[in-house]
Amino acid sequence: MNRKQRKLKEQLFIWTCRVATWMAVAILFTLLFHVVREGIEWLDLDFLDSFPSRKPEQAGIKSALWGSVWLIGLTAMISIPLSLGSALYLEEYAPQNRWTRIIEINLANLAGMPSILYGLLGLAVFVRYFGLESSLWSGSLTLSLLVLPVVVIASKGAIRSVPLSIREGAYALGARRWQVVLYQVLPSALPGIMTGIILALSRAMGETAPLIMVGALSYIAFLPESPSDPFTVLPVQIYNWAARPQDDFHGLAAGGIIVLLVLLLTLNAGAVFIRSKLQRYKS
Amino acid sequence: MNEPLTNKQISLETRDLSISYGDKRVVQQVSLKISNHQVTAVIGPSGCGKSTLLRTMNRMNDFIPNFSMEGEIIFQGRNIYGPYSDAGTIRQKIGMVFQRPNPFPKSIYKNIIWGPKINGYQGDLNDLAEDALKRAALWDEVKDRLNESALRLSGGQQQRLCIARAIAMNPEVILMDEPCSALDPSATARIEDLIKELRDNYTIVIVTHNMQQAARISDQTAFLYEGNLVEYGVTKKIFTQPDEKKTEDYITGRFG
Ligand SMILES: Nc1ncnc2c1ncn2[C@@H]1O[C@H](COP(=O)(O)OP(=O)(O)O)[C@@H](O)[C@H]1O
Ligand SMILES: [Mg+2]
Numbered sequence: 683m684n685r686k687q688r689k690l691k692e693q694l695f696i697w698t699c700r701v702a703t704w705m706a707v708a709i710l711f712t713l714l715f716h717v718v719r720e721g722i723e724w725l726d727l728d729f730l731d732s733f734p735s736r737k738p739e740q741a742g743i744k745s746a747l748w749g750s751v752w753l754i755g756l757t758a759m760i761s762i763p764l765s766l767g768s769a770l771y772l773e774e775y776a777p778q779n780r781w782t783r784i785i786e787i788n789l790a791n792l793a794g795m796p797s798i799l800y801g802l803l804g805l806a807v808f809v810r811y812f813g814l815e816s817s818l819w820s821g822s823l824t825l826s827l828l829v830l831p832v833v834v835i836a837s838k839g840a841i842r843s844v845p846l847s848i849r850e851g852a853y854a855l856g857a858r859r860w861q862v863v864l865y866q867v868l869p870s871a872l873p874g875i876m877t878g879i880i881l882a883l884s885r886a887m888g889e890t891a892p893l894i895m896v897g898a899l900s901y902i903a904f905l906p907e908s909p910s911d912p913f914t915v916l917p918v919q920i921y922n923w924a925a926r927p928q929d930d931f932h933g934l935a936a937g938g939i940i941v942l943l944v945l946l947l948t949l950n951a952g953a954v955f956i957r958s959k960l961q962r963y964k965s
Numbered sequence: 194m195n196e197p198l199t200n201k202q203i204s205l206e207t208r209d210l211s212i213s214y215g216d217k218r219v220v221q222q223v224s225l226k227i228s229n230h231q232v233t234a235v236i237g238p239s240g241c242g243k244s245t246l247l248r249t250m251n252r253m254n255d256f257i258p259n260f261s262m263e264g265e266i267i268f269q270g271r272n273i274y275g276p277y278s279d280a281g282t283i284r285q286k287i288g289m290v291f292q293r294p295n296p297f298p299k300s301i302y303k304n305i306i307w308g309p310k311i312n313g314y315q316g317d318l319n320d321l322a323e324d325a326l327k328r329a330a331l332w333d334e335v336k337d338r339l340n341e342s343a344l345r346l347s348g349g350q351q352q353r354l355c356i357a358r359a360i361a362m363n364p365e366v367i368l369m370d371e372p373c374s375a376l377d378p379s380a381t382a383r384i385e386d387l388i389k390e391l392r393d394n395y396t397i398v399i400v401t402h403n404m405q406q407a408a409r410i411s412d413q414t415a416f417l418y419e420g421n422l423v424e425y426g427v428t429k430k431i432f433t434q435p436d437e438k439k440t441e442d443y444i445t446g447r448f449g
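Protein chains in written order, with this note's numbering: chain A, 683 to 965; chain B, 194 to 449.
It should be emphasised that the hints constitute simulated quantities derived from the structure, not laboratory data.
Hints should not be assumed to be uniformly reliable.
Below, computed lysine-lysine pairings styled on DSS-like, alpha-carbon distance capped at 30 Å [said to hold, decoys possible]:
(1) A:Lys-959 - B:Lys-336
(2) B:Lys-310 - A:Lys-959
(3) B:Lys-286 - B:Lys-310
(4) B:Lys-286 - B:Lys-389
(5) B:Lys-226 - B:Lys-429
(6) B:Lys-439 - B:Lys-389
(7) B:Lys-430 - B:Lys-389
(8) B:Lys-303 - A:Lys-959
(9) B:Lys-303 - B:Lys-226
Okay, chain A solo, but in the shape it has when bound:
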């Protein structure tokens, strides 16, 4: 291949990459534009502060918004300690044998499972077997199962990437193992762990199928007061509105999507903020 040909190929490659990137951005913006154009007129404080209704002009997403906040809060409270504990145990304490290898392979498999299967599991175990019914408990426990493998895998990676030299430095000062893990390894791994948690929780916030399986209702005209209350969430409400034939409901759905996006962005911005604080000492 001569130089000219090679140059041509390189140009071709660069342009293919460029077009692919622009395409992705263009599609994203088209979607956003479409959603905003359709939903913006429905967005106001009343929309945020009203319960769903059969009359579009009175309908709002109050119960779905607060349901999502409750659900994600509960899911975080259940899944974060569990997955951190598992990741620390698997990385720092567990012997490297056949059992831990099996667990690790299965974690990877679980992380790739379709979410509706978690919904089926949640329905059978939490809703029926434990009799939790279609409550926030059932929803958040189901989502915790969904989030768990993702967070464990991300945390394991972050913990493993803490350099050996830091651990050695700590041990050389007479530190005990738990002190090394708690005061050196964990803080060093925290930014990576946080990224995993936020990604997983963002995904959980957009989940619809498993929540429908455990019985999240779309018509809830009250706010949950405890984790045993029934609930709905933004994606379920949006799905429900979008499935109706009337145009006004499609507008409401678009409005709901905007609210969901803002909530997701807030969550991610919070994560970026916390991470930058944590990374203050990383060179």
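Add chain B with the ligands to chain A, keeping to what the hints say.
Structure of chain B with the ligands alone, referenced to chain A:
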């Protein structure tokens, strides 16, 4: 031949120490008496077991799964591998400085006080930090930025911070594994000066592959070759009239 020629007190002693990784024996029957308040250099070609020997002296090799040893290491009248010895307690008294500076990703101040803090130090931490940094000849350079990240320091400063971190534990012995090998000549010179000063208060064992460095800073020198202690004695004698042919060949640069 394995005795230092001075009559100083012995701080640390290895007795018939053999060390293996799995089936591979890397240190053989080394008996070495390390004098109090002296700088003892361990020299020898790369791969001869210097780091292995040093890391065994404060049980840093405990973490290597296939590590095993025979013989004894006596410190303060007890075998540090004996049934009543605790690795954590031993490392508090026998500190270590590594080949590459490894400050924690925390502030300069926190780097110093972390060790004393987790080990229940009762005194004033600010005083302790100042004292350790002064002893490590770093105070003047960092006194105005104690809360900055330690990773922002230069390599030489980082290594002196690691020395200060070890000093803050008030150890009896400080082990150093090629502490200057990642540093430029001027940073190396500063650390060498520092080591000479530290001798007044601490017993220092330093591994180096740099023979000039051993000659410059050490009082005793041990020459290790393929895991065997070939010769051990006063540095001046080792470098001018060694007893063993092997030592002479090594220090005159005939191999290694
Ligand atoms: N963790 C280990 N497992 C197996 N062999 C090792 C390990 N660490 C070092 N060795 C081997 O032991 C020998 C001595 O190594 P080392 O003590 O690092 O030598 P030096 O510090 O003198 O260069 C080398 O042959 C090295 O390959
Ligand atoms: Mg070495």
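Going through the hints against the structure:
1. Under the criterion of a C-alpha separation no larger than 30 Å, the hint pairing A:Lys-959 with B:Lys-336 is consistent with the structure, at around 23 Å.
2. Restraint check: the Cα-Cα separation between B:Lys-310 and A:Lys-959 comes to about 23 Å, which is no more than 30 Å; the hinted pair holds.
3. For the hint pairing B:Lys-286 with B:Lys-310, the CA-to-CA distance comes to about 15 Å; that is within 30 Å, so the pair holds.
4. Taking the CA atoms of B:Lys-286 and B:Lys-389, the gap is about 20 Å. The hint holds against a cut of 30 Å.
5. Of the supplied pair hints, the one linking B:Lys-226 and B:Lys-429 holds, its CA atoms being roughly 18 Å apart against a limit of 30 Å.
6. A hinted pair counts as satisfied when its Cα atoms are at most 30 Å apart, and B:Lys-439 with B:Lys-389 qualifies at roughly 28 Å.
7. Restraint check for B:Lys-430 and B:Lys-389: satisfied, since their Cα atoms lie roughly 19 Å apart, inside the 30 Å limit.
8. Our distance criterion of 30 Å between C-alpha atoms is met by B:Lys-303 and A:Lys-959, whose separation comes to about 17 Å.
9. Proposed proximity of B:Lys-303 and B:Lys-226 is contradicted: the alpha carbons are some 35 Å apart, above 30 Å.
Checked against the numbered hints above, the structure violates only hint 9.
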